[in-house]
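**Student:** Position chains B and C relative to chain A; hints supplied.
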Amino acid sequence: MSLIELRGLTHVYSQGTPFEKTAIEGLDLTLERNATVGLIGHTGSGKSTLISHLNALLKPTAGTVLLDGEDVFASKASIRAARFRVGVVFQYPEYQLFEETVAADIAFGPKNLKLPQPEIDRRVAEAAAFVGLGEDTLTRSPMELSGGQKRRAAIAGVLAMEPELLVLDEPTAGLDPAGREDLLEKLFAWRQARQAAVLLVTHDMTIANRCDRLVVMSEGKIVMDGAPAEVFARGGELTAIGLDLPAPALIAELLRRRGVAVPAGVYTADQLYDAILALRGEGGAPC
Amino acid sequence: MLKDITLGQYFPGDTPVHNLDPRTKLLLTVVYIAGLFTVNTWGGYALVFAALCAVMAVSRIRPRALVKGLKPLVFIIVFTAVLNLFFTAGDDILFQWRFIRVTQTGLKRAVAMVLRVLFLVSGTFLLTYTTSPLAITDGLEKLLGPLKKLHVPVYELSLMMCIALRFIPTLIEETDRIMSAQKARGADLETGTLPERAKALLPLLIPLFISSFRRADELALAMECRCYNGGEGRTRMKQLHMTWRDAAAFVLGALFVGAILLLRRLGI
Amino acid sequence: MDPVIRIENVTYTYPDGARPALDGVSLDILPGTFTAVLGSNGSGKSTLAKHLNAILLPGAGRVLVDGMDTADEKDLIAIRRRVGMVFQNPDNQIVANVVEDDVAFAPENLGVESAEIRRRVDAALKQVGMYDFRMHAPHLLSGGQKQRVAIAGVLAMDPEVLVLDEPTAMLDPRGRREVIASVERLCRDRGITVVLITHHMDEAARADRVIVMDRGRIVMDGAPGQVFPQADRLRALRLTVPETTELILRLRAAGLDLPPEAVTPEACADAVKEALCH
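Chains as they are written, first to last, in the numbering used here: chain A, 1 to 287; chain B, 1 to 268; chain C, 1 to 278.
Bound-form chain A, shown alone:
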């Protein structure tokens, strides 16, 4: 069974006031275990509203959210259960750190779960290890950490809840290139180890490129859903809704415009490299 299923999800903010705004409309989506799904769409396309429904922070105006086939909004208990089974890391999560030590901050979620102390300790240690925070860091104040370390501590705070679905909103925003790469590798390793589902909200097409599946949103609706190859093959449509193309797909598109016969569906560096070499000596370019 799918881990999570959204059926006909609609959310209208400030309903019945002059400020009424439909953020998402009639949206269907299922997420499976052990897969990384990328969610892309420009600001205001409804991504944030969508993810707030996954852990029951927002109640849909219409439609249902099913977790393992059960309605999340059935009862107070089921809402609370969803909070813990679906972990959400919002943008710039380092701003949520508040405890005196990193360890105490990571323990905040497990404590709210009312777990026994040894279990909390185990989870804190494990989550910290996953994001690469050493023992010595755990006893320090979050305020003394570097920007990148703060980010990882905040993410560990959500990992420690051991969610079945982990949602991350722009987890690498503002990090330097090495920090970006490092964090991504850790997240992919975590997903692998826990066989969990991961939903990555991102603007960064090099990240999107590495997901198993991509969901594209525009104006409150899902407009594309498929493997990265399928989605990036529709480059023109992506640009039309204000999204970037991955660099190789962009270069391929620019080459086509210059009359070079690069085949459709090229979106990774390796594919582009192979395609260009294949064209060599074939007269694939107008001269």
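Just so you know, the hints here were simulated from the structure itself, not pulled from any lab data. There may be inaccurate statements among the hints.
Restricting the straight-line Cα-Cα distance to at most 30 Å, the calculated cross-link-like pairs of lysine-lysine (DSBU-like) are [to be verified]:
hint, chain 1, residue 1, chain 2, residue 2
1, A, K76, A, K114
2, A, K221, A, K59
3, A, K21, B, K68
4, A, K76, B, K199
5, B, K199, A, K114
6, A, K59, B, K71
7, C, K50, C, K126
8, A, K76, A, K21
9, A, K21, A, K186
10, A, K76, A, K221
11, C, K74, B, K148
12, A, K186, A, K114
13, B, K148, A, K21
14, B, K108, B, K71
15, B, K68, B, K108
16, B, K149, C, K50
17, A, K59, A, K111
18, A, K221, A, K111
19, B, K149, B, K68
20, A, K59, A, K114
21, B, K148, B, K238
22, A, K76, A, K59
23, B, K199, A, K59
24, C, K50, C, K74
25, B, K199, A, K111
26, B, K68, A, K59
27, B, K238, C, K126
28, A, K111, A, K76
29, B, K238, B, K142
30, A, K21, A, K59
**Tutor:** Just chains B and C, lined up with the frame of chain A:
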């Protein structure tokens, strides 16, 4: 949601009311409030209401915006009404049940008090809806200018006010964001005993404080980079100018007060 | 040509720092040029930026702006007026709650006469494409729009140099494009000197000159076409190589005759087409 608060909101526009000098509007608001508190007849309230409607029409502020602004005050208004309705002494009893007694005087007073609160708040809302906070602080600064001689840092105070107003929406958004983040970690802000709830607010308040200090730091730096050097020697893009419009507004204000006094004398 | 900013052997250590954040940096910035500064976190690039308008003063060495020493207190305002600074978080640099009032803040501080302020504010807003939003409240704008208002707020000082410290780090792709396009236009059309600190290689690829910092020193300095092809060196500095350059280097290794200095996607596509013809 927190974002819906409209208190102190400004609706930009290009109407005769918007274009009045903020000093004129501030002074006339004071005159209006003084007038309102002199009223003791139904005719007087009708006049105040007419004046409000006229300003609203000229400034093209929708009644809806005003109603929305008044919503958070419903409790105070109901409280005022109840207090006056049930706790006014008098012999002209309309209704009595055990210790609850409604008198005609009480009813009249309740209605009058509710009108007074409504008109008072609506009047000040019209000021903030039609005058940018910066213009209000500018106007206040000019009106309070003489206090500079007494070494009151009038300019700094008005800048502080302006920045505070600028950051209210930002901080509200931030509060929403942190609240979501902590709820996502299972924080429970809604149930529990009072001390429990107070403690549950820490995960919200601490990050909010830290981030406010960070913002203050960064803003101070950005202001320095833009050559902020205190109020000394500063000029203004928008010079305050009194024009014939302001004179006309003062004449209307005087007529308003005159009419109120007349109605009071006549007892209408 | 005389440099508009001259940095002479500057060393700076933060009060609580173990090692210097800047360690013997020398650099000349020529007027009208577009310089990008790259480096991993902690490489000293923000510290360098803060020296350009006397937010920080050198521990040793000196920084000259139009020949004025930043350590000279009496020239402080003159220096800050010439070197405008835009920061990462657009929210935390906007003072007023109406766009045009915010843009007026700096010239008001400088005691500029009010008709002239009006002229400058309108011109600055037009230059960044935000004139139609002059009466808006900043908090209702998008990130990219706010950042352009912040740039206009600096332009209203009539600066010679615009320093931007990771101005696009918090923006979405659309906002990034808007901001970088504005900055490029200001440099190319208005002759404003730009110093852009960034983590994004594709932004740096648009500059005239790329400076790479590591541990408080300048370790690479040259045109993007000279710096980016040194892929191994960049990776060793915890930086990535633009994907265009990466592709060109691989194709060169496979025997295609491509110029390594084609770093923008357009230049890369042109070069590949050219090479396929031969």
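**Student:** Each hint needs a verdict: does it hold in this structure or not?
**Tutor:** Each hint tested on the structure:
1. Between K76(A) and K114(A) the alpha-carbon distance is near 16 Å, which keeps this suggested pair within the 30 Å criterion.
2. A distance of roughly 17 Å separates the Cα atoms of K221(A) and K59(A); the hinted pair therefore holds under the 30 Å criterion.
3. Taking the CA atoms of K21(A) and K68(B), the gap is about 17 Å. The hint holds against a cut of 30 Å.
4. For the given pair, K76(A) sits about 22 Å from K199(B) by alpha-carbon distance, which is consistent with the 30 Å threshold.
5. Distance hint between K199(B) and K114(A) is fulfilled; the C-alpha atoms sit about 16 Å from each other, no more than 30 Å.
6. Only pairs whose Cα atoms come within 30 Å are accepted, and K59(A) paired with K71(B) is accepted, the gap being roughly 24 Å.
7. For the suggested pair K50(C) and K126(C), the alpha carbons sit about 28 Å apart, so the restraint of at most 30 Å is met.
8. Restraint check for K76(A) and K21(A): satisfied, since their Cα atoms lie roughly 27 Å apart, inside the 30 Å limit.
9. Simply put, K21(A) and K186(A) have alpha-carbon atoms about 37 Å apart, too far for the 30 Å limit, and the pair is violated.
10. About 28 Å separates the Cα atoms of K76(A) and K221(A), which keeps this hinted pair within 30 Å; it holds.
11. With a C-alpha separation of about 27 Å, the suggested pair K74(C) and K148(B) falls inside the 30 Å cut-off, and the hint holds.
12. With a C-alpha separation of about 27 Å, the suggested pair K186(A) and K114(A) falls inside the 30 Å cut-off, and the hint holds.
13. A threshold of 30 Å between alpha carbons decides the hint, and for K148(B) with K21(A) the separation of about 48 Å lies outside it, so the pair is violated.
14. Between K108(B) and K71(B) the alpha-carbon distance is near 23 Å, which keeps this suggested pair within the 30 Å criterion.
15. Simply put, K68(B) and K108(B) have alpha-carbon atoms about 26 Å apart, close enough for the 30 Å limit, and the pair holds.
16. Between K149(B) and K50(C), the direct Cα distance comes to roughly 38 Å. Violation of the 30 Å bound is thereby established for this hinted pair.
17. At roughly 25 Å between alpha-carbon atoms, K59(A) and K111(A) fall within 30 Å of each other, so this suggested pair holds.
18. Between the alpha carbons of K221(A) and K111(A) the distance comes to roughly 37 Å, so the proposed pair goes past 30 Å and is violated.
19. For the given pair, K149(B) sits about 41 Å from K68(B) by alpha-carbon distance, which is inconsistent with the 30 Å threshold.
20. For the proposed pair K59(A) and K114(A), the alpha carbon gap of about 25 Å is at most 30 Å, so the pair holds.
21. Of the supplied pair hints, the one linking K148(B) and K238(B) holds, its CA atoms being roughly 21 Å apart against a limit of 30 Å.
22. A hinted pair counts as satisfied when its Cα atoms are at most 30 Å apart, and K76(A) with K59(A) qualifies at roughly 12 Å.
23. Restraint check for K199(B) and K59(A): satisfied, since their Cα atoms lie roughly 26 Å apart, inside the 30 Å limit.
24. For the given pair, K50(C) sits about 18 Å from K74(C) by alpha-carbon distance, which is consistent with the 30 Å threshold.
25. Restraint check: the Cα-Cα separation between K199(B) and K111(A) comes to about 14 Å, which is no more than 30 Å; the hinted pair holds.
26. Of the supplied pair hints, the one linking K68(B) and K59(A) holds, its CA atoms being roughly 24 Å apart against a limit of 30 Å.
27. Among the hinted pairs, K238(B) with K126(C) is consistent with the structure: their alpha-carbon atoms are about 19 Å apart, no more than 30 Å.
28. Between the alpha carbons of K111(A) and K76(A) the distance comes to roughly 19 Å, so the proposed pair stays at or under 30 Å and holds.
29. Distance check on the hinted pair: K238(B) and K142(B) sit about 13 Å apart at the alpha-carbon level, within 30 Å; holds.
30. Simply put, K21(A) and K59(A) have alpha-carbon atoms about 15 Å apart, close enough for the 30 Å limit, and the pair holds.
Checked against the numbered hints above, the structure violates hints 9, 13, 16, 18 and 19; every other hint is satisfied.
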